[in-house]
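Heads up, the sequence shown is in the working numbering, so the first residue is 22 and it goes up one at a time.
Since the hints were derived computationally from the structure, they do not count as laboratory data. Possibly wrong hints are sitting among the right ones.
Said to hold, decoys possible - Cβ-Cβ distance ranges computed for the label pairs, FRET-style:
{"hint": "1", "residue 1": "R99", "residue 2": "T148", "range": "16 to 26 Å"}
{"hint": "2", "residue 1": "D36", "residue 2": "D175", "range": "22 to 32 Å"}
{"hint": "3", "residue 1": "G29", "residue 2": "V93", "range": "30 to 40 Å"}
{"hint": "4", "residue 1": "E37", "residue 2": "G180", "range": "35 to 45 Å"}
{"hint": "5", "residue 1": "S191", "residue 2": "E35", "range": "30 to 40 Å"}
In this text, a Cβ means the ideal position worked out from N, Cα and C, and glycines have one as well.
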Amino acid sequence: MGHHGWQGNPPGTEDEARRRIVEAATACIDRVGLAKTSLSDVAAEAGVTRQTVYRYFPSLADILRAVALAGVEEFAGRMERHLASSGSAAEAAVESVVFAVRTVPNEPYLGLLLQAGEADVFTIEVTSPLAFSLGARILRNVPVDWPAVGVTTDDDFQGLAEILMRLFLSFLQYPSTPALTDEGLRTLVRRWIGPALRG
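With these hints in hand, go ahead and build the complete structure from the sequences.
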């Protein structure tokens, strides 16, 4: 690993180098916005050359992806808190879709992939096994009686998470015309998902 740059404080590992580049990109986006953030800005913020940034991230899109993923845990925590007041498994499922559709586009970092025109990258991330595992973890943590509706195994939670995430992705990328209100979206999802989650 090169020891030039890094504002005189070179990272000790490859992972730390990547983390610091992501932090530099986040700082740039916070300061000037996504549209005005360039790879050169990120390099300058991190105190390295463009070539050093390229060593860890092939493109600005790859950096944005890393910035977005860094915000996933915080987003997951907020979704868990939102779903905690759900009174039933069906309500938790419905609310997870509504929360994601309404929240993701305005997320300061998670929404980056959509804003940057990286919809394909966003789709790949949301439909990855890692994303489904995260979705399953969120659902498992919601204090409703999952066994009563037959959701008991890891595969059950993973499958339910996959269906809900694919549904939310569809609503997000291909909105209804005219646009659905929150209540309209809630009613639609409840009508077709709800029956599968009744004991």
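Honestly, do E37 and G180 meet the 35 to 45 Å range at C-beta? 37 Å, holds
Status of the given 30 to 40 Å range, CB of E35 versus CB of S191: 37 Å, holds
Between D36 and D175, does the beta-carbon spacing fit 22 to 32 Å? 28 Å, holds
Given the range 30 to 40 Å, decide if the beta-carbon distance of G29 to V93 lies inside it. 32 Å, holds
Within 16 to 26 Å or not, the Cβ separation of R99 and T148? 21 Å, holds
Hint compliance for this structure: no hint is broken.
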